[in-house]
Amino acid sequence: MPTGTEREVERRRRAAPAVVLAPPLVWLAVFFLIPVLLVAMYSVGALTLFPGDRYLSLDAWARFLSGDQVYLGLFWRSIRISLLVSTIAVVSAYPVAYYLALVAVRRRYVLLLLIIAPFLTSYLLRLLAWRVILGDQGIVNTFLYTVGLREPGHPVPWLLYSPFTVVVVLAYVWVPFVCLPIFVSLDSIDRSLLEAAADLGARRWSTFLRIVLPSSRSGLAAAFAFVFVPTIGEFVTPLLVGGPRGFMFGNAIADLFGPGLDWQTGSVLSLFLVLVVGALMAVFSRSFSVEHVAAIAEVGSAGRGAGETAASSGGRRILAVLYVLLVAFLYAPIAILVAFSFNSSPSVTFPLRGFTLEWYRAFLANGALVGALRTSALVAGLTSVVAVALGLPAAFALARRRSRGRGLVGGILLAPLVIPYLVLFNAVGVPLSPITIAIGHVVLALPFSVLVLAPRLGRIDRALEEAAMDLGASPLRVFARVTMPLLTPAVISAALIAFTLSFDEYAVASFLAGDQVTYPIYLFSQLRFPNRLPQVLAVSTLVLLGSLVLVTAVEVARARAERRLAAPVAVSEGVA
Amino acid sequence: MRSELDAVLRDVRIDRRRFLAAAGVFGATALLGSCRAGQSRQGAASPPASRPPVEEEPGELRIIEWAGYDVKPLYRAYLRRFPDDEPRFTYITNTESVIGKVRAGFRADLVHPETSYARDFVALGTMQPFDTDLLPHLGDLNPDLVSVGVLDGQQYHIPTDWGFSTVLYNADHVDADEQTYALLFDERYPGKITWFDTPWVLIMAGLVLGVEDIYDMTDDELDEVKRFCIDRKHLVRNLWTNPTDLDQDFAQGNVWIAYAWNASYLAALNNGVNAVYCTRPKEGVITWTEGFMLFADTENYYHAHAYVDAWARPETAYWLIENYGYGHTNTSIDLSRLSPEVVEAFRLDDPEAFKPPAHIDRWIPRRTAYNAAWDEVKAA
Numbered sequence: 001m002p003t004g005t006e007r008e009v010e011r012r013r014r015a016a017p018a019v020v021l022a023p024p025l026v027w028l029a030v031f032f033l034i035p036v037l038l039v040a041m042y043s044v045g046a047l048t049l050f051p052g053d054r055y056l057s058l059d060a061w062a063r064f065l066s067g068d069q070v071y072l073g074l075f076w077r078s079i080r081i082s083l084l085v086s087t088i089a090v091v092s093a094y095p096v097a098y099y100l101a102l103v104a105v106r107r108r109y110v111l112l113l114l115i116i117a118p119f120l121t122s123y124l125l126r127l128l129a130w131r132v133i134l135g136d137q138g139i140v141n142t143f144l145y146t147v148g149l150r151e152p153g154h155p156v157p158w159l160l161y162s163p164f165t166v167v168v169v170l171a172y173v174w175v176p177f178v179c180l181p182i183f184v185s186l187d188s189i190d191r192s193l194l195e196a197a198a199d200l201g202a203r204r205w206s207t208f209l210r211i212v213l214p215s216s217r218s219g220l221a222a223a224f225a226f227v228f229v230p231t232i233g234e235f236v237t238p239l240l241v242g243g244p245r246g247f248m249f250g251n252a253i254a255d256l257f258g259p260g261l262d263w264q265t266g267s268v269l270s271l272f273l274v275l276v277v278g279a280l281m282a283v284f285s286r287s288f289s290v291e292h293v294a295a296i297a298e299v300g301s302a303g304r305g306a307g308e309t310a311a312s313s314g315g316r317r318i319l320a321v322l323y324v325l326l327v328a329f330l331y332a333p334i335a336i337l338v339a340f341s342f343n344s345s346p347s348v349t350f351p352l353r354g355f356t357l358e359w360y361r362a363f364l365a366n367g368a369l370v371g372a373l374r375t376s377a378l379v380a381g382l383t384s385v386v387a388v389a390l391g392l393p394a395a396f397a398l399a400r401r402r403s404r405g406r407g408l409v410g411g412i413l414l415a416p417l418v419i420p421y422l423v424l425f426n427a428v429g430v431p432l433s434p435i436t437i438a439i440g441h442v443v444l445a446l447p448f449s450v451l452v453l454a455p456r457l458g459r460i461d462r463a464l465e466e467a468a469m470d471l472g473a474s475p476l477r478v479f480a481r482v483t484m485p486l487l488t489p490a491v492i493s494a495a496l497i498a499f500t501l502s503f504d505e506y507a508v509a510s511f512l513a514g515d516q517v518t519y520p521i522y523l524f525s526q527l528r529f530p531n532r533l534p535q536v537l538a539v540s541t542l543v544l545l546g547s548l549v550l551v552t553a554v555e556v557a558r559a560r561a562e563r564r565l566a567a568p569v570a571v572s573e574g575v576a
Numbered sequence: 577m578r579s580e581l582d583a584v585l586r587d588v589r590i591d592r593r594r595f596l597a598a599a600g601v602f603g604a605t606a607l608l609g610s611c612r613a614g615q616s617r618q619g620a621a622s623p624p625a626s627r628p629p630v631e632e633e634p635g636e637l638r639i640i641e642w643a644g645y646d647v648k649p650l651y652r653a654y655l656r657r658f659p660d661d662e663p664r665f666t667y668i669t670n671t672e673s674v675i676g677k678v679r680a681g682f683r684a685d686l687v688h689p690e691t692s693y694a695r696d697f698v699a700l701g702t703m704q705p706f707d708t709d710l711l712p713h714l715g716d717l718n719p720d721l722v723s724v725g726v727l728d729g730q731q732y733h734i735p736t737d738w739g740f741s742t743v744l745y746n747a748d749h750v751d752a753d754e755q756t757y758a759l760l761f762d763e764r765y766p767g768k769i770t771w772f773d774t775p776w777v778l779i780m781a782g783l784v785l786g787v788e789d790i791y792d793m794t795d796d797e798l799d800e801v802k803r804f805c806i807d808r809k810h811l812v813r814n815l816w817t818n819p820t821d822l823d824q825d826f827a828q829g830n831v832w833i834a835y836a837w838n839a840s841y842l843a844a845l846n847n848g849v850n851a852v853y854c855t856r857p858k859e860g861v862i863t864w865t866e867g868f869m870l871f872a873d874t875e876n877y878y879h880a881h882a883y884v885d886a887w888a889r890p891e892t893a894y895w896l897i898e899n900y901g902y903g904h905t906n907t908s909i910d911l912s913r914l915s916p917e918v919v920e921a922f923r924l925d926d927p928e929a930f931k932p933p934a935h936i937d938r939w940i941p942r943r944t945a946y947n948a949a950w951d952e953v954k955a956a
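Residue numbers (the working numbering), protein chains in the order written: chain A, 1 to 576; chain B, 577 to 956.
Bear in mind the hints are in silico, worked out from the structure with no lab data behind them.
All figures in this text were calculated on a predicted structure; none of them were measured in a lab.
We treat Cβ as the ideally placed atom computed from N, Cα and C, and that holds for glycine.
Be careful, since some hints might not be right.
Claimed, not checked - Where chain A lies over chain B, by a calculated footprint (3+ residues, C-beta under 8 Å):
1. 633-644
2. 655-666
3. 675-683
4. 689-701
5. 819-833
6. 948-956
Chain A on its own, in the form it takes in the complex:
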């Protein structure tokens, strides 16, 4: 009987990866690969927008690849900008994530959520606020006039509507998202290693360079991919702040599917992007390998700081200042939105005219807007649950399986980051509803969820799980009582990212929405009537308030859960 059980356990363990990998792969096959094939058909004229235009030909591909059109050049321009943005975002997020993970231990979840929370305020509105900051009569230029660095009437011309603006705003958008994976990987570092290094006389810098930095490598790689891949296909930011020289590859795709109604060329560009990014990702997913840290036996020591070994008191102060600066950078545009939501003029232009609550009244009376918010909350909630549920098994496969196909699986999982959403569901023709939006958003959010979960999972000591199995726990029980508690911070991060991503997503949603539109869609279509903008500002203020309340609630719940988990964590540490 005991031998039978052992064999059973062994058999289940072997079978597990294939079985658990099935749901996310099926999801992506249906909602990602089929659309990609449809795009491929559009690109050679096997499908066309208008029934009468049909002819099979590779001309569109030939024209694109020959470089006679402007599009190939735009592709390189986009790559350059994405590289720049990713580097800036990762470099500025690292010290802050370091501070949160290793120094500011007691309040770190609150501090982390403080970074994420305001991002429930629409991206579009924050872009608008940036224009108030960087405009010719904006805050920065006015400051320069006041201190005499520029002559009044001679603003810095490249502050707004330039590639510079695109880089600043994109970095601004992505920094909080980048914080998360870095935070998670730093948080998983075994504190006793740092203590040991200190005991052996290593300086803080050499501890950082030889232990901390290598251990956070997978988090850094994930963070880089987080920014790099979606920004290659980015088109909304260049459209709104890029000016005449900010045109990027993503804009060309959007134009071809949009005003040009040239779906064939658009499909060529999209498919090219998918292929390039898929290839990049297949290579990239190898850096998920945890072999290089496998020798370090470790236990996720959630909640423990590294105290003196992580930073000197001076260093801690510098890190705290960096954190505050980042928060100020993140909140400045939002403060502007809040101020203008009480301004009695409908125009978002300084100076403020007078105080009013009119816009709040108008919002509450606006059923369509309230409905759009409700739809967005529903879609984002569904997305975060499903993205994490599917992301967990996928992350298991990526982090735990040492099979040859891993690179390919990784590529497939991560490539949806740049799929041309405009056509995704278009050819499928299912009735559109909030569910279809959520389906699309899961495709979008799944890679993010995997990127957050896999590194953490890779560093959980498998001896713990094996010990539990040997003691007779079923795999499910092992997962629930051992693996899951250790994964909790990563799960929270993944769910938050998925929620935020979905709540603010416009491009996919606009194609998948039926009668019930989401908040960003409503907002975008609203821009046609400038005098309806202030009530949208009122909403964003309320959403911000709501998300701050949510942050507090999450923190309270987490603190309670931690107390409950205290016992099992102690046991697992004992085992190690």
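Here the structure of chain A is known, so what remains is to put chain B in place on it, guided by the hints.
Chain B alone, transformed into the frame defined by chain A:
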């Protein structure tokens, strides 16, 4: 028309076959799509005889509409007639994506596109003409604009709202002797000009350069206007994508000369800018129009007509002009109710406003070439 319809139906069959072939490859999901697509296209041929009377219609109108056009004052007459039939709205962010959705099988009862896209919706085989007898207020609408909604001899499109696409400038900074589109390309104002992000800029450049037919330029002409635009692009501060951007920039002084619609002029006056709106440029003013189109497979044929007629009424016209600064095609309105600035901004007292040399927005046969040229301007 009959032969046109036949052509569409033939296409539907080919399309369906191809779709089924695709479905064989891609599995059940695609199959589902093809069936829907095939099924809904057949609606184009449904005979009028089978139409149920108004009281048997389901009544809950579904309308693909611009956000902001979903407000009750714009369709009050409809609600008076059908108090319990509040319509449901899906929003347009750009008309092209609606074309994509309709191509994919998305259906409603009415859609509100620019007149220049009417031909595309008809080409999809998803629209039917209106019964003009069911639209008592159609006769009040401007005949010059209504005629643009006639395709293949039938009224597929009822233009209700319109505006100019012309030059707006800040007279405190810009010195102009005459009204002209050339201001958008004026070398004296580097960094202070904004264009709308649309191939229509090429058309305006075409007017300035004097091409023969701005809506059907030859390759050489297109190349010429493209090079002209690339040459003048350094003057441009931004390519605006929505009026909110433009109004903000104009009020903040980021730009002095703009490609603009009427509402931006009224907003600029309201923001205290010394604005001039070129409603009579020497090249002839460009006018855009929008209005309703009726889906072929609507189950709310009579409700939909009642809705469009409500939109055609004077009460809707007043509300649209006064609250949004958008023009309305109803010509029976009492101009003394409107402010003189508004009357002048729309040339409402000018019966010649839509006669030549005015250019009414229309379908562009070589749209792909126009767009490719515009992309080159933007990428330059």
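Output the numbers, in ascending order, of every earlier hint that fails for this structure.
Violated hints: none at all, because every hint is consistent with the structure.
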